[in-house]
Amino acid sequence: MLAMIWSRTANYIAVHSLAQATVKFTRSYVSGSAVRSFCFSQELSAIFSIYDDHEFVNNFAGEGDEGKAPFVNASSAFRTYYGDANPDPHHSDVAFYNFRYGDNAFFVLDTRRYRSVPNSNAESTLPPTMLGERQLFALYSWLGRFNTTATFKFIVSSVPFTTLWHGFDGQSDSWAAYKFERDSLLDVLQYVPNVVLLSGDRHEFAFVEHRGKVPEISGEQEDSYGY
Amino acid sequence: MFAVNSMTLRARTEAAMEKTYVETVTTSDGATIEVTAIEHIPEERAIHYIASGNYKLWVIRLGAIEPSTDHVMVISASLEVDTRDWRKPTLIIEAIINGKSAYRYEFIGQPVSLSFTSSLTINLGSALKGIFNKIGLGRTLL
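Going down the list, the protein sequences come from chains W and P.
Following the numbering used here, the numbering of the first sequence begins with 1 at its first residue and continues without gaps.
Following the numbering used here, the numbering of the second sequence begins with 1 at its first residue and continues without gaps.
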């Protein structure tokens with residue numbers, strides 16, 4: 001294995017108070033990182049990671065507001081243990097990033113910090129957003145840049161891109177709740193050769209095809225310290 | 001402690017679309033013609049689904065429900081890219097459950113005529129920025 005993309009919970013953080021201190025989040029990573037099998041994996045392969053809701057609180061939607069608890073404290077702990085080892089992000093104050101390996105390119109999305117709460121404002125004239133304007137711009141720019149400069153383009157999303165998942169939170173915590181933004185993105189992706197979506201979250205494996213063209217591989221590693 | 005295990009992925013969407021295939025065929029008299037076939041396909045369809053991991057064990061301790069640490073199902077997906085033949089870029093997808101291969105699929109991509117940028121910019125300042133954090137010396141760990 002050359003690399004592991006960790007698009008999922010490094011450790012299940014049981015948030016008892018949204019205002020809890022960074023040190024409490026940090027403790028969760030200490031215990032999670034001490035698991036022997038994970039230490040072994042870290043020694044053998046590079047690990048690229050991005051946070052998901054359980055780094056914050058279940059189904060967290062940051063709404064583009066850095067002050068929304070527990071974003072600051074929880075993301076600080078995440079950066080210390082995982083984020084700082086990632087390739088440089090697009091800007092110094094964001095978590096999403098891209099990198100290249102051989103003739104393959106990867107874009108790792110931040111699906112938590114900018115997402116709005118779907119249907120929270122019935123009077124809003126704007127559709128709910130998963131990525132936020134700044135990240136969307138970065139993603140579209142990246143697609144343009146790597147369209148003909150990389151063979152495979154992998155887009156990593158910590159939550160499923162497919163709308164096929166039902167069951168617990170399947171329609172509310174995934175891209176299914178952000179259908180306008182998702183469909184707009186697919187309108188572009190279907191014309192970019194060899195785009196592959198990698199997603200996690202559902203504790204299952206699925207291989208899904210979008211519009212007869214864009215594959216999505218959804219899987220998630222679970223073990224005794226995940227859940 | 002209780003477990004939830006169910007099939008939660010639908011096979012396809014109700015919304016459908018047309019997929020067009022164009023194939024160039026040479027006839028017996030040497031002429032080439034383009035044959036167009038239109039297939040109606042769902043916008044999304046599940047090609048393969050393994051629900052084995054879709055259970056969670058929960059324990060009730062001191063009145064609070066928590067995820068159980070007894071849960072030992074390990075699911076991972078492995079990707080192998082082979083682009084040595086530019087005409088046939090291949091992605092091999094493998095699902096591994098508890099260390100055993102549960103599904104394997106070869107996805108053949110489109111040939112991409114790669115073009116390369118002619119400019120090379122190195123920003124030494126940004127390359128070194130945060131170097132101590134990257135090697136774990138920038139913050140005090142617990």
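Check the hints yourself; a few may be wrong.
To be verified - Calculated lysine-lysine pairs in the PhoX-like style (CA-CA distance at most 25 angstroms, straight line):
id : chain 1 : residue 1 : chain 2 : residue 2
1  : P       : K100      : W       : K213
2  : P       : K19       : P       : K100
3  : P       : K88       : W       : K179
4  : W       : K213      : P       : K19
5  : W       : K68       : W       : K24
If you're looking for bench data, these hints aren't it; they were derived computationally from the structure.
Problem set entry | Index of numbered hints that the structure contradicts, given in increasing order | Going through the list in order, the structure violates hints 1, 2 and 3 and respects the others.
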